[in-house]
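Participant: This is what each chain is made of:
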Amino acid sequence: ETGVTQTPRHLVMGMTNKKSLKCEQHLGHNAMYWYKQSAKKPLELMFVYNFKEQTENNSVPSRFSPECPNSSHLFLHLHTLQPEDSALYLCASSQDQGGVGYEQYFGPGTRLTVT
Amino acid sequence: AQRVTQPEKLLSVFKGAPVELKCNYSYSGSPELFWYVQYSRQRLQLLLRHISRESIKGFTADLNKGETSFHLKKPFAQEEDSAMYYCALSRNNNAGNMLTFGGGTRLMVKP
Numbered sequence: 001e002t003g004v005t006q007t008p009r010h011l012v013m014g015m016t017n018k019k020s021l022k023c024e025q026h027l028g029h030n031a032m033y034w035y036k037q038s039a040k041k042p043l044e045l046m047f048v049y050n051f052k053e054q055t056e057n058n059s060v061p062s063r064f065s066p067e068c069p070n071s072s073h074l075f076l077h078l079h080t081l082q083p084e085d086s087a088l089y090l091c092a093s094s095q096d097q098g099g100v101g102y103e104q105y106f107g108p109g110t111r112l113t114v115t
Numbered sequence: 001a002q003r004v005t006q007p008e009k010l011l012s013v014f015k016g017a018p019v020e021l022k023c024n025y026s027y028s029g030s031p032e033l034f035w036y037v038q039y040s041r042q043r044l045q046l047l048l049r050h051i052s053r054e055s056i057k058g059f060t061a062d063l064n065k066g067e068t069s070f071h072l073k074k075p076f077a078q079e080e081d082s083a084m085y086y087c088a089l090s091r092n093n094n095a096g097n098m099l100t101f102g103g104g105t106r107l108m109v110k111p
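Which chain is which? The protein sequence lines are A and B, in order. Everything in the first sequence is counted per the working numbering, starting at 1 for the first residue and increasing by one. Everything in the second sequence is counted per the working numbering, starting at 1 for the first residue and increasing by one.
In case anyone wonders, no lab produced these hints; they're calculated from the structure. Be careful, since some hints might not be right.
As the list claims (entries may be wrong) - Here are some chain B residues pointing at chain A (derived, C-beta under 8 Å):
| # | residue |
| --- | --- |
| 1 | G29 |
| 2 | S40 |
| 3 | R43 |
| 4 | L44 |
| 5 | L47 |
| 6 | A83 |
| 7 | M84 |
| 8 | Y86 |
| 9 | N97 |
| 10 | L99 |
| 11 | F101 |
| 12 | G102 |
Claimed, not checked - Here are the simulated DSSO-like pairs of lysine-lysine, each with C-alpha atoms no more than 27 Å apart in a straight line:
| # | chain 1 | residue 1 | chain 2 | residue 2 |
| --- | --- | --- | --- | --- |
| 13 | A | K40 | B | K22 |
| 14 | B | K110 | A | K36 |
| 15 | A | K36 | A | K19 |
For every residue, glycine included, the Cβ atom is placed at its ideal position computed from N, Cα and C.
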């Protein structure tokens with residue numbers, strides 16, 4: 001499959017569960033991103049990885065834990081979430097070489113519901 | 001801190017009418033601005049960026065630093081333009097390409 005893929009597409013979890021979201025990019029990019037899109041707020045950047053190194057944590061609570069084992073894969077580990085964490089979680093990638101902003105390619109998202 | 005504002009959540013026009021989707025930003029550095037679009041049942045994708053100064057699908061956007069605006073315009077709207085449009089500002093501090101998005105405007109083009 002080409003582009004940016006995300007699994008699962010839908011996830012329902014309880015507040016005490018532990019789950020993980022997976023993102024994979026097949027574009028040869030070196031930067032990957034997690035965004036949160038909720039109904040009442042603009043799309044929010046959560047984490048940035050550049051060459052597998054986390055370069056940005058946008059004040060995200062510790063119940064969200066990212067992992068980037070290589071430049072093609074990005075995970076978001078979830079534990080003890082709150083109902084307000086229910087949202088669409090988008091993954092994106094780009095070929096970031098510093099300087100000018102490069103186009104980000106987005107995945108289809110994971111719709112998360114915390115019960 | 002950077003901020004992007006799209007004052008209209010919904011814009012409804014008739015086919016063939018001109019369209020202007022507003023975007024204002026605040027940023028202390030030199031801004032790089034983008035418009036992203038999300039059509040129904042499709043993923044978010046880039047529409048255009050200000051540095052390219054190009055027209056995509058008939059849309060153009062001019063960066064006005066004096067007014068800190070980057071409005072998206074099209075002279076004659078088509079039904080297939082109906083979508084969610086997001087204005088975004090990029091900052092790059094050599095640690096990655098960070099995008100700050102506006103809240104989005106839903107464009108509905110009526111027949």
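Participant: Hint by hint, note whether the structure agrees.
Facilitator: Against the structure, the hints:
1. G29: Status violated, d = 12 Å.
2. S40: violated, 13 Å
3. R43: With Cβ-Cβ at 5 Å, under 8 Å, it holds.
4. L44: holds, 4 Å
5. L47: violated, 10 Å
6. A83: violated, 14 Å
7. M84: Violated. Min distance 10 Å.
8. Y86: holds, 7 Å
9. N97: holds, 5 Å
10. L99: holds, 6 Å
11. F101: holds, 4 Å
12. G102: holds, 6 Å
13. K40(A) x K22(B): Judged against 27 Å, a Cα distance of about 19 Å means the pair holds.
14. K110(B) x K36(A): Status violated; Cα separation ~31 Å.
15. K36(A) x K19(A): holds, 16 Å
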